[in-house]
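**Student:** Sequence:
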Amino acid sequence: MNYYYENDMFRIEGISKEHTISDIDIYIGKGILRNTSGYIQKRNLGKKCLIVADKNTYRAAGTELAEVLRQGGILADVCLLYDREDERIEADELSVGQVMMSLEPEPDFLIACGSGVINDITRFVSFIANKPFISVGTAASMDGYTSVTAPMIFDRKKIHRHGNAPKILVLDTEILKNAPNELTIAGFGDVYGKFIAKADWLISNITTGEKIDEQALDLITQALGKLTGNVDEIANATDEGLKAIIEGLILAGITIFTTGQTRAVASVEHNQGHVWETRMLEAGRPYPLHGTAVGCSTGYYLRMYEYFKKTDISRIDRGKAKQRFLNRDAFRERAVKCFGESFLSALEKTNKCLNLTEEDFDYHYDSIVKNWDRILNVLDFLPGWEEYKKIYKKFGHPIHAEKIGIPSDLLRYTLPCSTFYRDRYDFVFVMNILGIADDIAEKALEDYRREE
Numbered sequence: 054m055n056y057y058y059e060n061d062m063f064r065i066e067g068i069s070k071e072h073t074i075s076d077i078d079i080y081i082g083k084g085i086l087r088n089t090s091g092y093i094q095k096r097n098l099g100k101k102c103l104i105v106a107d108k109n110t111y112r113a114a115g116t117e118l119a120e121v122l123r124q125g126g127i128l129a130d131v132c133l134l135y136d137r138e139d140e141r142i143e144a145d146e147l148s149v150g151q152v153m154m155s156l157e158p159e160p161d162f163l164i165a166c167g168s169g170v171i172n173d174i175t176r177f178v179s180f181i182a183n184k185p186f187i188s189v190g191t192a193a194s195m196d197g198y199t200s201v202t203a204p205m206i207f208d209r210k211k212i213h214r215h216g217n218a219p220k221i222l223v224l225d226t227e228i229l230k231n232a233p234n235e236l237t238i239a240g241f242g243d244v245y246g247k248f249i250a251k252a253d254w255l256i257s258n259i260t261t262g263e264k265i266d267e268q269a270l271d272l273i274t275q276a277l278g279k280l281t282g283n284v285d286e287i288a289n290a291t292d293e294g295l296k297a298i299i300e301g302l303i304l305a306g307i308t309i310f311t312t313g314q315t316r317a318v319a320s321v322e323h324n325q326g327h328v329w330e331t332r333m334l335e336a337g338r339p340y341p342l343h344g345t346a347v348g349c350s351t352g353y354y355l356r357m358y359e360y361f362k363k364t365d366i367s368r369i370d371r372g373k374a375k376q377r378f379l380n381r382d383a384f385r386e387r388a389v390k391c392f393g394e395s396f397l398s399a400l401e402k403t404n405k406c407l408n409l410t411e412e413d414f415d416y417h418y419d420s421i422v423k424n425w426d427r428i429l430n431v432l433d434f435l436p437g438w439e440e441y442k443k444i445y446k447k448f449g450h451p452i453h454a455e456k457i458g459i460p461s462d463l464l465r466y467t468l469p470c471s472t473f474y475r476d477r478y479d480f481v482f483v484m485n486i487l488g489i490a491d492d493i494a495e496k497a498l499e500d501y502r503r504e505e
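Sequence positions in the sequence shown follow our numbering and run 54 to 505.
Note that these hints are calculated values from the structure, not bench results. It cannot be assumed that every hint is accurate.
Straight-line C-alpha distance at most 27 Å; calculated DSSO-like pairs for lysine-lysine [said to hold, decoys possible]:
| # | residue 1 | residue 2 |
| --- | --- | --- |
| 1 | LYS362 | LYS423 |
| 2 | LYS423 | LYS230 |
| 3 | LYS362 | LYS264 |
| 4 | LYS211 | LYS390 |
| 5 | LYS211 | LYS362 |
| 6 | LYS220 | LYS184 |
| 7 | LYS496 | LYS443 |
| 8 | LYS405 | LYS390 |
| 9 | LYS496 | LYS456 |
Distance ranges between label pairs, derived from CB positions [to be verified]:
| # | residue 1 | residue 2 | range |
| --- | --- | --- | --- |
| 10 | ASP76 | LYS496 | 47 to 55 Å |
| 11 | ASN380 | THR261 | 21 to 29 Å |
| 12 | ASP130 | LEU429 | 51 to 59 Å |
| 13 | GLU504 | GLU401 | 32 to 40 Å |
| 14 | ILE181 | ASP415 | 42 to 50 Å |
| 15 | ASP161 | THR410 | 48 to 56 Å |
| 16 | LYS101 | GLU335 | 36 to 44 Å |
| 17 | LEU379 | THR261 | 18 to 26 Å |
Where a beta carbon is used, it is the ideal one built from N, C-alpha and C, also for glycine.
All chains, please: the whole structure from these sequences, using the hints.
**Tutor:** Written out as structure tokens, the structure is:
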């Protein structure tokens with residue numbers, strides 16, 4: 054992986070060679086879109102490409118990009134994704150089909166001109182068509198620019214498919230700073246959620262022995278520091294604020310890429326965001342941007358973490374906790390309200406956490422109680438809920454899930470149950486083992502109601 058910082062703007066430290074699993078050229082700087090042809094020629098990607106964009110991203114960067122490529126001797130066709138009027142463009146069958154049908158005449162490589170969805174569509178088509186792609190980012194809205202996984206929608210359900218990482222990533226800060234503010238706040242939320250992911254990983258290391266990659270943990274800590282140290286600049290949309298967001302997103306994305314998994318960057322806060330999206334898709338209702346959902350979800354879990362840390366472990370009734378957890382009928386009734394019947398049935402086929410035995414329960418319960426003091430001692434770095442509220446107030450952004458389109462009933466069910474979305478140990482799973490997840494979720498919800 055190679056990093057090039059135009060105008061001496063950015064520095065990312067601590068990337069060890071043994072963690073690099075592929076080579077991506079990352080270019081970050083002001084006005085660097087004009088250099089894109091040179092970046093492509095350096096990698097010998099070819100002379101014919103397909104630019105994938107929508108009307109907004111083509112206006113923001115695509116027109117200039119096409120001219121830059123023309124002047125550099127690169128022939129560029131354009132796949133302008135269909136305008137869906139009031140609906141967002143999705144990484145679904147329609148978009149994938151449109152891009153696939155645009156691969157004639159056959160290009161040497163593809164270019165994703167956009168951010169989240171456009172990159173997901175392009176990386177997936179790149180993978181199945183066996184064509185390299187480059188990414189020209191238009192918003193600092195997500196940490197997945199360097200990802201090898203493509204979140205997709207198939208049959209109105211959220212799925213994940215293999216994709217290619219870009220050979221080149223171009224982030225021109227002149228373009229990024231003109232992106233809609235809601236996209237930048239989504240980027241902030243996507244990174245800020247790493248507080249929960251980091252805490253959950255540390256707990257799992259203590260209670261289950263799950264290995265921690267120290268470099269990944271350090272990169273995430275750096276990413277969080279970029280954000281929390283520049284909140285005012287981000288709120289005021291200054292160059293320094295944009296720089297902090299970009300660095301945070303890139304650090305998080307590099308963590309995913311170099312470790313080959315998302316443990317350091319996604320836990321129950323991301324789970325809940327994915328569940329919200331899936332349930333809203335099933336209902337045919339609009340849903341928030343990924344980073345917006347993650348940022349909102351993070352607030353609720355920070356508040357629940359505060360109650361979690363106040364738990365008197367000596368007063369937990371083991372018998373009641375076990376009975377509650379192993380009562381399959383009652384447990385499934387709760388889970389269905391969170392996931393829906395068809396979604397839950399699919400998860401039950403793959404997720405061990407939905408099929409724990411009495412022996413499993415005893416193992417987890419004993420380890421939690423034995424290590425309770427150690428668990429509490431590693432959580433001092435977590436920001437408080439009050440700090441979270443102040444940040445989002447500065448952004449002028451709502452903290453309530455209902456204000457971003459999530460029904461209150463769905464929120465009530467997802468808070469204590471989103472942990473079962475995948476087999477990834479987190480503090481909400483711990484609370485379910487202890488039999489306190491529902492009570493603590495309700496306390497957090499009551500606190501939010503008082504804020505309205």
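**Student:** Now tell me, hint by hint, if it's right for this structure.
**Tutor:** Checked hints:
1. Of the supplied pair hints, the one linking LYS362 and LYS423 holds, its CA atoms being roughly 15 Å apart against a limit of 27 Å.
2. The straight-line distance between the Cα atoms of LYS423 and LYS230 is roughly 49 Å, outside the 27 Å bound, and the hint therefore fails.
3. Note on LYS362 and LYS264: the hinted pairing holds, with a Cα-Cα distance of about 23 Å set against a maximum of 27 Å.
4. As the CA atoms of LYS211 and LYS390 are separated by approximately 18 Å, the hinted pair is consistent with the 27 Å bound.
5. Between LYS211 and LYS362, the direct Cα distance comes to roughly 33 Å. Violation of the 27 Å bound is thereby established for this hinted pair.
6. Note on LYS220 and LYS184: the hinted pairing holds, with a Cα-Cα distance of about 11 Å set against a maximum of 27 Å.
7. A distance of roughly 20 Å separates the Cα atoms of LYS496 and LYS443; the hinted pair therefore holds under the 27 Å criterion.
8. Restraint check for LYS405 and LYS390: satisfied, since their Cα atoms lie roughly 19 Å apart, inside the 27 Å limit.
9. Taking the CA atoms of LYS496 and LYS456, the gap is about 19 Å. The hint holds against a cut of 27 Å.
10. Taken as a hint, the range 47 to 55 Å holds for the pair ASP76 and LYS496, whose Cβ atoms sit roughly 49 Å apart.
11. At about 24 Å, the CB distance of ASN380 to THR261 agrees with the hint of 21 to 29 Å.
12. Range check, ASP130 to LEU429: Cβ separation about 58 Å, and the 51 to 59 Å hint holds.
13. For GLU504 and GLU401, the Cβ-Cβ distance of about 36 Å falls inside the hinted range of 32 to 40 Å, so the restraint holds.
14. Distance hint check for ILE181 and ASP415: the Cβ-Cβ separation is about 45 Å, which falls inside the suggested range of 42 to 50 Å.
15. For ASP161 paired with THR410, a C-beta distance near 54 Å keeps the hint of 48 to 56 Å intact.
16. A hinted range of 36 to 44 Å for the beta carbons of LYS101 and GLU335 is consistent with their spacing of about 40 Å.
17. The given range of 18 to 26 Å is respected by LEU379 and THR261, whose C-beta atoms sit roughly 19 Å from each other.
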